[in-house]
Structures are given as C-alpha cells and as structure tokens.
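Undergrad: From first to last, the protein sequence lines stand for chains D and Y.
For reference, each letter of the first sequence is one residue, going 1 to 243 in our numbering.
For reference, each letter of the second sequence is one residue, going 1 to 295 in our numbering.
Derived by calculation from the structure, the hints in this document are not laboratory data.
Treat the hints with care, since some could be wrong.
[Stated by the list, open to error] Computed list of lysine-lysine pairs in DSSO-like fashion (alpha-carbon distance at most 30 Å, straight line): (1) D:K66 to D:K134; (2) D:K190 to D:K236; (3) D:K236 to Y:K97; (4) D:K134 to D:K190; (5) Y:K286 to Y:K97; (6) D:K66 to Y:K97.
Since we're looking at a predicted model, the values are computed, not measured.
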Amino acid sequence: MAEAARAMPANADMLAVAGLHAWYGESHVLHGVDLSIRPGEVVTLLGRNGAGKTTTLKSIMGILAKRTGSIVFEGVETIGLPSNRIARLGVAFCPEERGIFASLDVSENLELPPVVRPGGMTIAEIHVLFPNLKERARSQGTKLSGGEQQMLAIARILRTGAALLLLDEPTEGLAPVIIEQIGACIRQLKAKGFTILLVEQNFRFAATVADRFYVMEHGRMIDHIVRSALEANRSKLHDYLGV
Amino acid sequence: MSTIFGIPPQALFGQLLLGLINGSFYAMLSLGLAVIFGLLNIINFAHGALYMMGAFVAWFLLQHLGLGYWWALLLAPIAVGLVGMVFERAMLRHLYKLDHLYGLLLTFGLALIIEGLFRNGFGSSGQPYRIPAELQGGTNLGFMFLPNYRAWVVVASLVVCLATWFMIERTRLGAYLRAATENPALVQAFGINVPRMITLTYGFGVALAAFAGVLAAPIYQVNPLMGSNLIIVVFAVVVIGGMGSIMGSIVTGFALGIVEGLTKVFYPEASNTVIFVIMATVLLIKPAGLFGRSN
Ligand SMILES: Nc1ncnc2c1ncn2[C@@H]1O[C@H](COP(=O)(O)OP(=O)(O)OP(=O)(O)O)[C@@H](O)[C@H]1O
Ligand SMILES: [Mg+2]
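For reference, chain D alone in the conformation it holds in the complex (with noise of 0.2 Å):
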C-alpha cells in the first residue's frame, strides 16, 4: 500500500498530472488538466455534470487511451501505457456505473482483478469491512441490491495491492444509511495508508472525508480548496456546484 516498493522521496506526490488533454474520438473533452495527490491524502474531484470529472479518472487509468500530457505515477510516466501496464503500477479503478458482472457470482467478482503488488487487503479483512458481501458470496453479481453493488466495486479494488484507488461517485443513487457506510468505509481505507482520488457531486458527503478538493468546469481546474478553507470558501462552492 503507501509503504511502496519503490524509493520515493518523501512528501513527493504519489500523482502528478500536468496539461492534460483527452479527447472521446474527434471532441476534445479535456483542456489542459493538472492535479497533484500525495501518498496517504484523500482528493475530491468536484464539478457539474458533464464537467469532465469521470473523463479525468479515465484518462489517468488509460481507458480513455486518447490523452496527451504528462501523468506521473510513483515517477513513472504513464501517459503512453495501456490500462492493464498502469493497473499493474498499482492504480485501481472503481466505475461510475460500478461494473459489476452479471457472469459472475459475487464471491467471482470480488476475486476478479489479479494482485498486482503485495499489501493489498486478505478476503477475511474485506469481509470485515462489507459482512454483506460474504453472506451473499454465492449471489450473481448483479442480484446484489445498489449499495451491495457499489460495496463490491470498491471491495474488489482493494485486494490487488493498488496503493492509488480512483473512485468515481461511489454514493450515487444511494440511500443516507449506505452513504454513510461507504464514508466510513473511505476513512478506516485512509487510516489503512490508501490514497485515494474521489470523484463526486455530494459536496455534503465530500466535505466529511477529503484532505482537498478541486472544482472542474468544461474540461478545466478552476479553483483547488484545502480543508481547513473549507467554510471560508462554502458559497464560492455552491456557486461552482450550482446547489
């Protein structure tokens, strides 16, 4: 996890993207994008919809394999590199739509992505954390209600060792009581040494766990905001959010 195999200097950003620009075919989706996270921090991504949050989470795991810009991981550059090299570097993807497989059963789902470095979370911790997920291990993935689901999202991402989880709106369409759960969940992951990088629209629910936040507009960073500055900048946000 954050303890990582390779030498870094400390305080060095474990994530550095700089004049990113990512395109889905001829339209050009992103403009010139830069974000930093440091090892152990919890980063929101806030902004409208449409405002190309999940696009940048994309672009950073290679899905979206249209990009120019420099993507630093862990000192490696890694805007040239499909999506299976940079999981294999130690970065997780947990979808907005949660891709769960209808194949699979849940137990088949969790196991899924291979172990890509050691330090990664054993199934009996997993279980601990989301106890649902062991009693309906037999379950087809996609019987398992909407928080179930979400819960295994994230659940599966953690075994493989990846020190970097991208999370895109893990409480979307969710009842309070989940989303609170899922809060709980991406606290006792920072208290374990996760980095993490959350994409979301609940500002509520992203002011109760991240270090930072930045605010995107049509393919661009327009503002960053440190927790401590939170309040001072409350209406500036709601403006942004438009809430």
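With chain D fixed as given, assemble chain Y with the ligands onto it according to the hints.
TA: Only chain Y with the ligands this time, still in chain D's reference frame:
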C-alpha cells in the same frame, strides 16, 4: 420384438449412432463459434475452412512426415490455432468496433480463399485417411454393431466439450473470459492483457475446429469442401442454441444430430432440411435462440 414402431432395431440404432456422430461435430464446431463470438463479437465464417485445414494437417503429417493419428490430434490443433492467431492479429483485430457484418464478410472471404487454395492444390476428390490401428474393428452390443472409431469420436467430443465448459464456467481463467465478454475495457483496467486474451481465445476456438477436423478425417474423406458442407448446418445449430451460450451450443449440437438421425429413420425425405425447419421455428418463437439471452 423384431421392430420398433415398425423399424428394425439395427436401422434405428444405426441412424441414432450416425446422428450422435454428426452431433459430436456440430457440438465441437458450434462451441468454438460460441466462444469466439462471445469475446470477439465476430461470427467466424472461416470455421469450416479451419476444420478442413485440421484434417489436411493430419493427412500431411502422415503422408510427408510419417506422423500418425495420435500425433495429428495433438499437432493439427496447435498448427491451425497458430494460423488463426496470426489471422486475428493481422486482420480481425481491426474490426471489433464495427458491426458483426464486417467480421462475417472478412471471415467468409477468408474461408473462400482457404478452400480455393486447397482445391487448387489437392483437387476436390477426397484423400483417404485410415482409422488408427488401436481403434479398428468394433463391438457387438447385441442390438447393434458399434464400430470402435465411432464410439471414440463421440467420447472424445463429449470430453473436449465438457472440459471446455468447465474451464469457462468454473475456473479463474474462465472468469476473466466471461468478464471480458461483458466489459473488456474494465477487465483490462484491472491489469489483464485483454488483447492477448482475445488472440488466445480465437486460437483456442479455431484449434477446437481443427481437432474436430482430425477426428473427422477417418470418417469422411479429407476433402477441401468438407468444411463448407458442414458449416451451414453448424450455423443453423448456433442460431437454434443461441449465439454465445456455451452449454447451449453443446446440448444443441448433440440434440440436433440425434434429431437429424431420427428423421432419417422415420421420414427420410426431411432429413436434410429438418434442422433448418427447426431453425426457422425457433427464430419465430424465440429469436435469441433456445439458450440465448435476449438483450
Ligand atoms: N463516450 C463519450 N463519447 C463522447 N463524449 C463523451 C463520452 N463520455 C462523456 N462525454 C462528454 O465528455 C464531457 C465530460 O464527461 P464526463 O463523463 O467526464 O463528465 P462528468 O464530470 O463525469 O459528469 P457526471 O457528473 O455527469 O458523471 C461531457 O460533455 C460528455 O458529454
Ligand atoms: Mg461522471
């Protein structure tokens, strides 16, 4: 009891056995098509030509290298699988994002080219291939005479089909395959080299066809057209079973072979068309096929 429904038992069981043999080939070929279609989204029309290549590799190994049937059963699938993987890398790869139709056209063209080349090289009369010594002769079961080689074909096909099913539905490798069939981009983002998995899957599906071709060599003759005669029926089997269903293609393959055999006994006039009549009926009632998931 000298007749069953007015049919002498020897004739009935004889046709049942023939049906089972045909069903063995339908099952192996439609299984390969299902595996390929699931992951590559391509309807592999070259399947019949690659089956024929498998039989020819067996014949070539015997004629020119003195390597017999058992070697052929091992080497022909490997050789044809490699040819398939080169073909996938060089050509099929560029079609995945397009409609099924493009893959079908390309593989159909390839089938015509392969068959043309073999017809040019070997003529269209068949080359005989002897049954291996170990499997000559037969067993008298009392109600019928069972040739050993035919029994072997049915058993070998069943074992290969069920092993393939087990691998896909019950192992970790199979879980990767099933997941990549649903969402290849996400599986790749977990660290799996999906493009390589696609190449290997195509190679495997094609190797299965070549294996069937070697099994067929001693029964039918080794003939450049043996694949195109069979593949039309196999496509009907695939449509009936449901494109992409693993167990569906196995069960449907054997079942339709038997149905065809029984038709030969009871209403021989319809034996060449019964599968297509069933196909048309299934398309009308359940267009996704008997085992298919409609989406
Ligand atoms: N597959 C695609 N093809 C073409 N354009 C796309 C595609 N996906 C997203 N876009 C466009 O790219 C822009 C950014 O989309 P993106 O999904 O990154 O937004 P987002 O910030 O994640 O929004 P949301 O909060 O709704 O998830 C939008 O204008 C969207 O319409
Ligand atoms: Mg999004």
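Undergrad: Next step is simple, just say for each hint if it's right about the structure.
TA: To see whether the hints hold, each was checked on the structure:
Distance hint between K66 of chain D and K134 of chain D is unfulfilled; the C-alpha atoms sit about 39 Å from each other, more than 30 Å. Annotation: proposed proximity of K190 of chain D to K236 of chain D holds, straight-line Cα distance about 27 Å (limit 30 Å). Distance restraint check for K236 of chain D and K97 of chain Y: the Cα-Cα separation of roughly 43 Å exceeds the 30 Å cut-off, and the hinted pair is therefore not satisfied. Pair hint K134 of chain D plus K190 of chain D holds up; C-alpha atoms about 23 Å apart against a cutoff of 30 Å.
With a CA separation close to 27 Å, the supplied pair K286 of chain Y and K97 of chain Y stays within the 30 Å bound. Between K66 of chain D and K97 of chain Y the CA atoms are separated by roughly 16 Å; this keeps the pair inside 30 Å, and the hint holds.
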